[in-house]
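Chains D and P, in that order, are what the protein sequence lines are. Numbering of the first sequence is given in this note's numbering, commencing with residue 190 and proceeding in unit increments. Numbering of the second sequence is given in this note's numbering, commencing with residue 42 and proceeding in unit increments.
It is worth saying that the hints were derived from the structure and are not from the lab. Cβ atoms here follow ideal geometry from the backbone N, Cα and C, with glycine treated the same way. Check before you lean on any hint, since a few could be wrong.
Far from chain D, by Cβ distances over 10 angstroms, these chain P residues were calculated [claimed, not checked]:
no. : residue
1   : T68
2   : M86
3   : I96
4   : E128
5   : G263
6   : R267
7   : K297
8   : D318
9   : P386
10  : K404
11  : G474
With beta-carbon atoms standing in for the labels, derived distance ranges [what the hints assert, rightly or not]:
no. : chain 1 : residue 1 : chain 2 : residue 2 : range
12  : D       : V335      : P       : Q240      : 38 to 48 angstroms
13  : P       : K48       : D       : L248      : 36 to 46 angstroms
14  : D       : M391      : P       : A73       : 40 to 50 angstroms
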Amino acid sequence: MRKTALLFLAWLFVNVGSVNAQETMETSGRVVFKFWNGISYLISQAVSRGVPENTVALLLLLPLVATLVSVIHYVIGFSGYGIFMPTMMAVALLATGVGSGLILFAVILAITLLSNLLVKKLKLHFWPARSITLLFVSMGTFAAMVVTSYIKIVDVGKISIFPILFMILLTEEFARTQLIKSKKEAVRLTTGTLVLAVAGAMVMGVEGIEEMVLKRAEIVILVVVATNILVGRYGGIRFTEIKRFKGAIRKKEKSSVH
Amino acid sequence: MFGINFKQYRQFLTKNERNKVYLRKNTAEGRAVADNKYKSKKRMMKAGISVPKLIVRFKNREGMENFEWSSLEGNFVVKPMSGYGGEGILIIRKKIQSNPSRPSAASPLDKGDYQMMNGKVISLEEIKLHCLEILGGKYSLHGSADGVIVEERIKIHPLFLTLTKSGTPDIRVIVYNRVPVMAMLRIPTERSGGKANLQQGAYGLGIDLASGITTFGIEGKGVEIRKIYDFGKKKMIKVNGIKIPFWKEVLETAVKCQGAIPGLGFVGVDVVIDKEDGPKILEVNARSGLSIQLCNKAGLKSRIGKIDDITVRSDEHGIALAKYLFGEKFSDKVSEKEKDKTIQPLEIIKMKIPKGFKPELQKSPILKQGKHRVVEVRAKVDTGAFRSSIDRSLAEKLGLLSSEKILYFRHYKSSLGKHKNRPVIGVSFWLQGKKVVTAVNVADREKLRTKFLLGRKDLEGFLVSAKSLNPLARQATSLEEGRHKLKVNIKND
Numbered sequence: 190m191r192k193t194a195l196l197f198l199a200w201l202f203v204n205v206g207s208v209n210a211q212e213t214m215e216t217s218g219r220v221v222f223k224f225w226n227g228i229s230y231l232i233s234q235a236v237s238r239g240v241p242e243n244t245v246a247l248l249l250l251l252p253l254v255a256t257l258v259s260v261i262h263y264v265i266g267f268s269g270y271g272i273f274m275p276t277m278m279a280v281a282l283l284a285t286g287v288g289s290g291l292i293l294f295a296v297i298l299a300i301t302l303l304s305n306l307l308v309k310k311l312k313l314h315f316w317p318a319r320s321i322t323l324l325f326v327s328m329g330t331f332a333a334m335v336v337t338s339y340i341k342i343v344d345v346g347k348i349s350i351f352p353i354l355f356m357i358l359l360t361e362e363f364a365r366t367q368l369i370k371s372k373k374e375a376v377r378l379t380t381g382t383l384v385l386a387v388a389g390a391m392v393m394g395v396e397g398i399e400e401m402v403l404k405r406a407e408i409v410i411l412v413v414v415a416t417n418i419l420v421g422r423y424g425g426i427r428f429t430e431i432k433r434f435k436g437a438i439r440k441k442e443k444s445s446v447h
Numbered sequence: 042m043f044g045i046n047f048k049q050y051r052q053f054l055t056k057n058e059r060n061k062v063y064l065r066k067n068t069a070e071g072r073a074v075a076d077n078k079y080k081s082k083k084r085m086m087k088a089g090i091s092v093p094k095l096i097v098r099f100k101n102r103e104g105m106e107n108f109e110w111s112s113l114e115g116n117f118v119v120k121p122m123s124g125y126g127g128e129g130i131l132i133i134r135k136k137i138q139s140n141p142s143r144p145s146a147a148s149p150l151d152k153g154d155y156q157m158m159n160g161k162v163i164s165l166e167e168i169k170l171h172c173l174e175i176l177g178g179k180y181s182l183h184g185s186a187d188g189v190i191v192e193e194r195i196k197i198h199p200l201f202l203t204l205t206k207s208g209t210p211d212i213r214v215i216v217y218n219r220v221p222v223m224a225m226l227r228i229p230t231e232r233s234g235g236k237a238n239l240q241q242g243a244y245g246l247g248i249d250l251a252s253g254i255t256t257f258g259i260e261g262k263g264v265e266i267r268k269i270y271d272f273g274k275k276k277m278i279k280v281n282g283i284k285i286p287f288w289k290e291v292l293e294t295a296v297k298c299q300g301a302i303p304g305l306g307f308v309g310v311d312v313v314i315d316k317e318d319g320p321k322i323l324e325v326n327a328r329s330g331l332s333i334q335l336c337n338k339a340g341l342k343s344r345i346g347k348i349d350d351i352t353v354r355s356d357e358h359g360i361a362l363a364k365y366l367f368g369e370k371f372s373d374k375v376s377e378k379e380k381d382k383t384i385q386p387l388e389i390i391k392m393k394i395p396k397g398f399k400p401e402l403q404k405s406p407i408l409k410q411g412k413h414r415v416v417e418v419r420a421k422v423d424t425g426a427f428r429s430s431i432d433r434s435l436a437e438k439l440g441l442l443s444s445e446k447i448l449y450f451r452h453y454k455s456s457l458g459k460h461k462n463r464p465v466i467g468v469s470f471w472l473q474g475k476k477v478v479t480a481v482n483v484a485d486r487e488k489l490r491t492k493f494l495l496g497r498k499d500l501e502g503f504l505v506s507a508k509s510l511n512p513l514a515r516q517a518t519s520l521e522e523g524r525h526k527l528k529v530n531i532k533n534d
């Protein structure tokens with residue numbers, strides 16, 4: 190199974206360049222049905238019937254970004270909050286733009302931390318405390334939107350509710366980790382999530398990638414499956430573990446030669 | 042590749058590999074028991090394994106409110122039922138009598154305050170709030186509702202009291218297929234907030250499985266330390282050379298614990314040592330941390346590989362395997378400056394006779410080495426062999442070959458290329474005053490003059506010299522005799 194996946198990936202890298210995209214397309218950009226490109230054909234049909242192209246592209250890109258996150262986690266050893274949080278954040282950052290998205294996140298995080306300090310003094314149960322925090326976040330985000338509409342560093346029109354929701358979720362995780370583990374751990378996981386999200390957003394933002402996944406959906410699916418089978422069975426060392434275990438290697442006793 | 046010798050890393054159990062082992066060896070049922078402290082405690086008690094006494098368990102708020110809190114005079118621990126990483130645990134030392142000169146702001150009703158292990162004062166109201174937070178799922182894995190356990194605090198062993206002023210040190214033993222494969226002493230620090238978890242910043246000291254003596258140390262999840270503070274002697278002491286009390290019992294308890302929970306083949310057992318009652322199981326972890334390899338400077342993967350295909354007959358067998366296969370090679374008094382000792386191709390070793398066994402020896406007298414009975418045996422150094430081997434009849438005479446003493450059987454290729462299924466047994470011997478605890482294979486050396494062959498595995502720290510360096514000081518009599526005979530034979534030829 191592993192060998193098959195590896196062979197397939199190798200074959201793909203050799204072939205993906207040589208397949209001429211023009212072959213399967215009419216001049217209008219429509220996909221012509223061939224025996225092996227059923228899914229791409231279906232997508233092109235659906236798009237022509239009014240299914241939003243952008244959404245279909247994002248749907249296909251999501252597993253690709255998730256694959257990227259899992260490769261980085263299992264092979265390099267760098268990670269954030271699970272696999273979905275970075276993926277979702279990547280979509281959020283794609284929607285808001287990386288720069289303004291990070292600013293927005295910083296604002297939301299600051300409000301959450303401040304309100305946590307306040308709520309802690311009230312000695313409330315866990316969930317009511319979170320609700321009050323959420324209230325502060327909502328008010329604060331609104332205030333931030335009002336301010337930015339005047340000074341125009343962030344394109345307000347791009348900020349919709351979903352990116353904000355993802356960001357609130359992430360700050361919530363941050364606060365939770367800080368509370369029950371440590372601030373250090375919370376900072377580590379959150380920056381990890383953000384770095385992965387930025388990487389994911391950049392991959393999704395590559396010019397022409399949307400068109401690529403729409404016209405070559407089969408390749409995306411096979412790449413995702415093959416890569417995840419490979420990574421899923423990887424039992425070796427992660428890059429970060431090399432440093433970790435370095436000190437545990439016993440040095441051979443230096444024997445003096447007479 | 043990249044200037045890193047990847048071969049050196051193969052011995053370690055990495056995260057990816059650990060997750061595979063975890064899934065392969067631990068069933069869903071076993072994991073569920075390990076993750077729930079109440080369930081695992083019940084199993085232990087049923088199997089007759091000592092655990093800290095359960096005072097009460099709360100499943101919901103009503104139970105918590107109805108509990109007679111005033112009956113608690115201190116020395117108790119409040120913990121979440123399915124917490125992880127030592128989160129959400131309150132350790133209460135004693136009740137403080139209400140002090141009229143210091144009105145407590147936190148508890149206007151003044152139901153009494155308690156002192157925690159780190160010296161801080163906590164009110165009963167705050168303890169109850171903490172219980173409510175646990176019940177609400179603050180410390181459970183996915184924020185789902187949880188239960189609260191209140192149990193007695195164990196009486197810390199005096200040795201451990203000298204090592205920390207905040208919290209209870211415990212011993213993590215990794216047990217795989219009934220064999221203890223690695224162990225470490227976890228010492229809470231001020232930084233770790235009295236918790237014995239390495240990820241919180243506690244110290245971890247590797248322990249030699251054969252002797253129960255500490256070897257190396259780390260702080261947190263990686264920084265190597267060489268010295269720790271001894272509160273008794275009021276000075277820094279080395280991390281190595283600390284002898285764990287009740288060591289044999291600690292291993293026995295850990296192995297028994299694995300047997301008590303079916304479906305757990307790979308488990309990290311946390312053992313605390315009570316001043317009076319000895320070892321008690323604190324909790325079991327189905328997904329044990331990997332830093333234990335750092336403070337032992339040894340790989341879990343290679344150790345697991347050595348015992349994976351052995352069918353362990355009993356708990357004693359498992360512990361014997363650990364002792365003879367994973368024991369450290371150091372002399373009784375650990376000293377790094379000690380020079381390599383020089384040995385000769387033919388040496389006299391002193392073999393330990395098992396306790397209570399009456400050896401049938403005609404010629405060799407039974408001598409004393411410390412408190413052990415030993416017998417002198419001629420041994421030949423063979424750096425071409427990995428493991429040492431002992432003659433079958435000699436092993437029998439010394440009482441080492443009874444069926445419960447055999448560790449396992451292995452195929453060995455003799456120098457003549459014959460495959461033989463040889464038993465491997467555990468032995469202890471002294472070579473030039475250095476104690477060696479090791480596993481040796483049993484071979485037929487009936488027709489050979491030396492009944493013991495010293496392989497290179499047991500020659501660590503020794504230099505083999507072909508010439509006699511200091512003939513006067515050595516126990517050379519029998520060797521000289523042998524040499525003399527040899528000369529005579531040559532002459533006769």
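Which of the listed hints are broken here?
-> 4, 5
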